[in-house]
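Take these sequences, add in the hints, and give me the full structure.
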Amino acid sequence: MVITIHQPQYMPWLGYFDKISKADVFVLLDNVQFKKNEWQNRNRIRTPQGWQWLTIPVLHDFGQKINEIKINNKEPWRKKHLRAIELNYVKARFFEQYFPHFQDILNKEWDNLAEVNICLIRKIMELLGIKTRLVLSCEYEAVEHKTLRLVDLCKHFNANTYLSGEGGLDYLDEGQFKLNNIDIIVQKYEHPVYNQMWMHKNQAAFVSHLSVLDLLFNCGPESFAILTAGERAL
1 MVITIHQPQY MPWLGYFDKI SKADVFVLLD NVQFKKNEWQ NRNRIRTPQG
51 WQWLTIPVLH DFGQKINEIK INNKEPWRKK HLRAIELNYV KARFFEQYFP
101 HFQDILNKEW DNLAEVNICL IRKIMELLGI KTRLVLSCEY EAVEHKTLRL
151 VDLCKHFNAN TYLSGEGGLD YLDEGQFKLN NIDIIVQKYE HPVYNQMWMH
201 KNQAAFVSHL SVLDLLFNCG PESFAILTAG ERAL
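Read in the numbering used here, the sequence shown has 192 at position 192, and its numbers run on one by one without any break.
Please note that a few of the clues may not be correct.
To be verified - Simulated pairs of lysine to any residue, SDA-like, Cα-Cα distance not exceeding 25 Å: (1) LYS123 to GLU38; (2) LYS146 to VAL32; (3) LYS178 to ALA142; (4) LYS108 to LYS22; (5) LYS108 to LEU136; (6) LYS79 to GLU68; (7) LYS123 to ILE182; (8) LYS70 to VAL90; (9) LYS36 to LEU54; (10) LYS80 to ILE118; (11) LYS74 to GLN103; (12) LYS65 to ARG42; (13) LYS146 to CYS219; (14) LYS155 to LEU169; (15) LYS35 to ASP170; (16) LYS36 to LEU106; (17) LYS146 to ILE184; (18) LYS79 to TRP198; (19) LYS123 to ASN37; (20) LYS131 to ASN37; (21) LYS146 to GLU68; (22) LYS74 to LEU59; (23) LYS36 to LYS70; (24) LYS108 to VAL90; (25) LYS146 to GLN64; (26) LYS79 to GLN103.
To be verified - Between beta-carbon pairs, the in silico distance windows are: (27) PRO48 to ASN180: 21 to 31 Å; (28) VAL186 to ILE226: 20 to 30 Å; (29) ILE226 to LYS131: 14 to 24 Å; (30) GLN64 to GLU109: 15 to 25 Å; (31) ALA225 to GLN52: 20 to 30 Å; (32) ASP104 to GLU222: 15 to 25 Å; (33) PRO48 to ASP24: 40 to 50 Å; (34) ASP104 to LYS65: 25 to 35 Å; (35) GLN49 to ILE226: 19 to 29 Å; (36) HIS209 to ASN180: 31 to 41 Å; (37) LYS155 to ALA84: 19 to 29 Å; (38) MET1 to THR47: 40 to 50 Å; (39) GLN52 to GLN103: 40 to 50 Å; (40) LYS131 to HIS191: 17 to 27 Å.
If you are wondering where the hints come from, they were derived from the structure by calculation, not from laboratory data. The model shown is predicted, which means the values in this text are computed figures rather than measured ones. We put the CB at the ideal spot given by N, CA and C, even for glycine.
Below is the structure:
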């Protein structure tokens, strides 16, 4: 049983979904401290000039957990995001097929950051055909410690293998996993290159590490095969 655990991000990049696809259980770590202006409330899309941020404005106090973060709806962020996506991808090959899914979600009123992120992640998993079981960490008891929390979640789901991102070993206490007979494997992801808007017309370079929206609008049904392709080792 392989488990992977990650904070809920806003319209995440390709490597996020590649890691989910490699696991049997994906735990959304929604009850840890929020970090503003990382990936929990923003991501990037492609533009003719390169890329731009899509950022959800939030109201927060230091130390609040992700699932406690309220969205600042005094700013018309949903309208701005939909307009930016449409403006930059309307001529993409699969725009009309995929845009309505995100339009439906962002046309709804959202007060809580984690809730909109989780809804979008579930929808993107569905569009990519990823069947991994998704659960929320707030629904399970675990020690509030950066390593022991992960170990407790692994034990709850009887997972014998924890799939970590490349940066995970910088802060994990590997000894705690060994004590509980849990193996650690590390995702090493090489970002694929695909046909991207603006590349050929403007002779521009490929822009990597964008939101997975870029892949979906450009490559459609081939997105999952592209996302999981390339040289990677666990």
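The hints, checked one at a time:
1. LYS123 to GLU38: holds (22 Å)
2. LYS146 to VAL32: Satisfied, since the Cα-Cα distance of roughly 9 Å is no more than 25 Å.
3. LYS178 to ALA142: The given pair, whose Cα atoms are some 18 Å apart, holds under the 25 Å limit.
4. LYS108 to LYS22: violated (31 Å)
5. LYS108 to LEU136: holds (22 Å)
6. LYS79 to GLU68: Judged against 25 Å, a Cα distance of about 23 Å means the pair holds.
7. LYS123 to ILE182: violated (30 Å)
8. LYS70 to VAL90: violated (31 Å)
9. LYS36 to LEU54: Given that 25 Å is the threshold and the Cα spacing comes to 13 Å, the pair holds.
10. LYS80 to ILE118: holds (20 Å)
11. LYS74 to GLN103: holds (20 Å)
12. LYS65 to ARG42: holds (17 Å)
13. LYS146 to CYS219: violated (37 Å)
14. LYS155 to LEU169: holds (19 Å)
15. LYS35 to ASP170: Within the cut-off at roughly 18 Å; holds.
16. LYS36 to LEU106: holds (21 Å)
17. LYS146 to ILE184: Given pair LYS146, ILE184 holds - Cα atoms ~15 Å apart, limit 25 Å.
18. LYS79 to TRP198: holds (24 Å)
19. LYS123 to ASN37: holds (23 Å)
20. LYS131 to ASN37: violated (30 Å)
21. LYS146 to GLU68: Given that 25 Å is the threshold and the Cα spacing comes to 19 Å, the pair holds.
22. LYS74 to LEU59: holds (11 Å)
23. LYS36 to LYS70: holds (12 Å)
24. LYS108 to VAL90: Measuring from Cα to Cα gives roughly 21 Å; hence the hint holds.
25. LYS146 to GLN64: Judged against 25 Å, a Cα distance of about 16 Å means the pair holds.
26. LYS79 to GLN103: holds (10 Å)
27. PRO48 to ASN180: 21 to 31 Å: violated (51 Å)
28. VAL186 to ILE226: 20 to 30 Å: holds (22 Å)
29. ILE226 to LYS131: 14 to 24 Å: holds (18 Å)
30. GLN64 to GLU109: 15 to 25 Å: holds (21 Å)
31. ALA225 to GLN52: 20 to 30 Å: Hint holds: Cβ distance 27 Å, inside 20 to 30 Å.
32. ASP104 to GLU222: 15 to 25 Å: Holds - the Cβ-Cβ distance for ASP104 and GLU222, about 23 Å, lies within 15 to 25 Å.
33. PRO48 to ASP24: 40 to 50 Å: holds (41 Å)
34. ASP104 to LYS65: 25 to 35 Å: holds (28 Å)
35. GLN49 to ILE226: 19 to 29 Å: Given about 24 Å between the Cβ atoms, the range holds.
36. HIS209 to ASN180: 31 to 41 Å: For HIS209 and ASN180 the Cβ distance comes to about 33 Å; the hint holds.
37. LYS155 to ALA84: 19 to 29 Å: violated (43 Å)
38. MET1 to THR47: 40 to 50 Å: The hinted range 40 to 50 Å holds for MET1 and THR47, with Cβ atoms some 42 Å apart.
39. GLN52 to GLN103: 40 to 50 Å: 19 Å Cβ-Cβ, so the 40 to 50 Å window is violated.
40. LYS131 to HIS191: 17 to 27 Å: At roughly 23 Å between Cβ atoms, HIS191 and LYS131 fall inside 17 to 27 Å, so the hint holds.
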